[in-house]
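Undergrad: Kindly generate the complete structure, drawing on both the sequences and the hints.
There are 2 protein chains.
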Amino acid sequence: MRFVIVGGDAAGMSAASRAKRKMPEAEVTVLEQGYDVSYSACGMPYAIADPERSMQALVVREARAFREKQGVDVQLGCRVEGIDTGKGRVYGTSQDGESFQRPYDKLLLATGASAVAPDLPGFDLPGVEVLKNLEHGRRIKDYLARNRVRRAILLGMGYISLEMAESLRTLGIEVAMVKPGPELLPWMDRSLAELVRVELEENGVELYPGREIHRLESRDDELRLICGAGELNGDFVLAGIGVRPNSELAADAGLDLGPKGAVAVDRTMQTSHSDIYAAGDCADAYHVVSREKTWIPLALRANRSGRAVGDNACGGNVRLDGVAGTSVFRVLGQEVATTGINADQAREHGFDPATVSIESRSRAHGHPGAQAIRVALVGDRGSGRLLGAQMVGGEGVAHRINAAAVALHAGMDVEAFSQTDLAYAPPFGPVWDPLLTAARELLKKLES
Amino acid sequence: MRFVIVGGDAAGMSAASRAKRKMPEAEVTVLEQGYDVSYSACGMPYAIADPERSMQALVVREARAFREKQGVDVQLGCRVEGIDTGKGRVYGTSQDGESFQRPYDKLLLATGASAVAPDLPGFDLPGVEVLKNLEHGRRIKDYLARNRVRRAILLGMGYISLEMAESLRTLGIEVAMVKPGPELLPWMDRSLAELVRVELEENGVELYPGREIHRLESRDDELRLICGAGELNGDFVLAGIGVRPNSELAADAGLDLGPKGAVAVDRTMQTSHSDIYAAGDCADAYHVVSREKTWIPLALRANRSGRAVGDNACGGNVRLDGVAGTSVFRVLGQEVATTGINADQAREHGFDPATVSIESRSRAHGHPGAQAIRVALVGDRGSGRLLGAQMVGGEGVAHRINAAAVALHAGMDVEAFSQTDLAYAPPFGPVWDPLLTAARELLKKLES
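Taken in order, these protein sequences are the chains called F and G. In short: position in the first sequence from 1, add 1, done, that's the working numbering. In short: position in the second sequence from 1, add 1, done, that's the working numbering.
In case anyone wonders, no lab produced these hints; they're calculated from the structure. Heads up, a few of these hints could be off.
[As the list claims (entries may be wrong)] A short list of chain F residues far from chain G (calculated; beta carbon distances all over 10 Å):
#1 P25
#2 R54
#3 Q71
#4 A116
#5 E175
#6 P181
#7 S192
#8 G243
#9 P260
#10 G262
[Unchecked claim] Derived DEER-like restraints, expressed as beta-carbon distance ranges:
#11 L172/G <-> R348/F: 54 to 64 Å
#12 D353/F <-> R22/G: 21 to 31 Å
#13 S192/G <-> G78/F: 41 to 51 Å
#14 D353/G <-> G317/F: 19 to 29 Å
#15 T171/F <-> E223/G: 47 to 57 Å
#16 M2/F <-> D353/G: 32 to 42 Å
#17 K445/G <-> R268/F: 13 to 23 Å
#18 R62/G <-> E207/F: 36 to 46 Å
#19 S358/F <-> R62/G: 18 to 28 Å
#20 R382/F <-> R268/G: 56 to 66 Å
Keep in mind that this is a model prediction, so the values were computed, not measured. All C-beta atoms, glycine included, are put in the ideal place defined by N, C-alpha and C.
TA: In structure tokens:
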């Protein structure tokens, strides 16, 4: 069995490892256009901020280890340019510039996603970077080491930009964040987004929402971003304003695409062609709340879907339920977490949402060191179902969100969720967990 | 409507508050034999250890506030000695030694549980205490302040003893723990209990399991505990070897009792007598995993069941699903959490359990400060259901257990649980949450 994998990060390498374990005699080939495989992309903002850590420490497993210990044929610097679905082969250009073709019995597209920078003048200037892969991370860390960066401009206010804002502040660099949209974290309940805004501003991060981006200029040894009616200056620009799935290969081969142009897959990760799978950030997924297709590129899904393909390419029948969109990030002193859908998304999917937002504490009454936790919940008036949860707080948020995520997978209604027996001890929360307090309040709204 | 409540802690005061909100014209009376209402009993070990905190700070709401702000008639020092179910009244002795009787339309028994000390010679000596109510807490804090306690002997190794071991070590006091049973935390997976044992011993706590308790003696200004073949000396003894429900009133009135002698209640908290409810530590509960009756006295259940009675006594119909037995405690540098049932309990309830124990980390690959987390899971080979989870780790355990607790409430099978979309970011865990790694391993066992 010839199993060819395009892309050597989380999804691709999970699939390769799993296939070799399940079917040791399989010929497993990974074709990676870059020179890194199997690294922790999510760790990059932290490694950039820490003088003690090299970017190389983010590599979980080197290509050589996959070759020598697992018998996976990993080809680096190897760019796949097309798929001949009729003949069952991929073709492209290898590291040394030669054309190659490689036949497959099963093919996995694990091509990931790309950071999108504005297609505007000046975004090719030195000191302007995006952050998506390890090579980007190395360039940024190197740039910060070699230049006296006093002030950075971050485009976009998504979680990567927010994590980078923390990293740069840790390094003593001034940070200005700018985006065309009018609101910080528009998907979030306003009362929670406000806590994040306060945290950023109290830590000296300047926020400029509602500024259209016009161009970048280099002037007087500085970068100047012309945006809205004014301009911002800095020594470094992080230019990622979003991500998009790398689905060109799939589109060119005539495979179906799903939301946001991601490769459409069924619950076994099979594309519209029976010998071709897609997994990781390039593929779509079912959402466990809406039960419809969505595109939410996150690391756990990449690993899990890659692993499933490793099984299925070797004759398995692993079916994945889908994603709840659970995610967490830290921004300075606050943990920010979400799972499921918000009220706007709920309306789009035909629900009749009710929402609450409550404030609670991270430790018991009178226990020292307690910090505020704010919880927003969304439920459906029609069915009583829990649809989503969001949380912001100084501690105790990152893992708390998982209780709501499991409830979403189980299709639990708010009443049942409000009755769950959650852990209590004074150092870890109030007797009524913040999620339970919020669920009780939401229940009143659903019943009224 | 005359609503009489016996006992003024979590369950009793929750019921009183709820009833007055639901039916402001109700005559709500709380008869409390002690002089404290509505305090955080679980906070006592922490307040004892902290010179900056008074025990009084654990009081969430004073009796006066209940009287003046909520119109609840709170009677302190008022001991209820019997229930005349025929005439619908309770009788007893009030604070000033007078007999009283009080008629009710609805009665709530919220009499709590008591710490059990050995009925052996010497346990009435000065310096020998149990810790269950706030008066005990005050006595202990006072004793430690007034005496030069260098070494304490703790009987029993349950969570209160373990929290007190931490408190006493924080105060610089040597601690020896002794129990007749052969094992520390016998309900816990051995690989997890071992981590707790190491944590205790590395922090200078001496452990003496398997020692039968014979008697206490006062000798040379010290207390000596004669136990097993030897003896232990100290200046202070915490003598609680367990807890039992305070169900004498209910038993004398002919009400049905459940497991461990707790007052038997249905899902509305009604006892075998239609006008009498029981809630909190004195009452039993349905277990959401075994679906049978159990007695697990914990603070959230006390609050929740009291609140339900407040509704139901005023004509409501709140039904409680039951408990999963979710709990967490901290012992020195480790968080210890559990939910559901262990393999032995699973067998008792007719399941065919499979168990796994895995080690994972509290932060992502390469992220500084990661600590070990060990997870044990129990599943049923017959149905594939998840039955229980236990966790020990240096951080990230207390709230993580809640994801498993929700899965138990939902009756989720291990396969579905292994597919849940849990939050990931490098400061908070590995990509595969420790619970997911454990679920994957358990799935292999269930499928083999």
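Undergrad: Lying within 21 to 31 Å: is that true of the beta-carbon distance D353/F to R22/G?
TA: holds (28 Å)
Undergrad: Does the beta carbon distance between D353/G and G317/F stay inside 19 to 29 Å, or does it fall outside?
TA: Holds, at about 25 Å.
Undergrad: With 10 Å as the threshold, tell me whether E175/F passes as away from chain G on beta-carbon distances.
TA: The claim holds: E175/F sits with its nearest Cβ about 23 Å from chain G, beyond 10 Å.
Undergrad: Per the hint of 54 to 64 Å, is the separation of the Cβ atoms of L172/G and R348/F within bounds?
TA: holds (56 Å)
Undergrad: Using the C-beta atoms of T171/F and E223/G, is the stated range 47 to 57 Å upheld?
TA: holds (53 Å)
Undergrad: Test the statement that A116/F is away from the interface with chain G: the closest C-beta pair must be farther apart than 10 Å.
TA: holds (18 Å)
Undergrad: Starting from the hint 32 to 42 Å, judge whether the C-beta atoms of M2/F and D353/G obey it.
TA: Hint holds: Cβ distance 36 Å, inside 32 to 42 Å.
Undergrad: Once the closest CB in chain G is found, is it more than 10 Å from S192/F?
TA: Non-interface label stands for S192/F: nearest chain G Cβ at 20 Å, farther than 10 Å.
Undergrad: Per the hint of 13 to 23 Å, is the separation of the Cβ atoms of K445/G and R268/F within bounds?
TA: holds (21 Å)
Undergrad: The output says P260/F does not contact chain G. Does that hold with a beta carbon cutoff of 10 Å?
TA: Non-interface label stands for P260/F: nearest chain G Cβ at 17 Å, farther than 10 Å.
Undergrad: Take a quick look at R54/F and tell me if its Cβ sits farther than 10 Å from every Cβ on chain G, holds or violated.
TA: violated (7 Å)
Undergrad: Could you see if the CB distance from S358/F to R62/G stays within 18 to 28 Å?
TA: Because 25 Å falls inside the window, the suggested range holds.
Taken one by one, the earlier hints fail for this structure at numbers 2 and 20, listed in ascending order.
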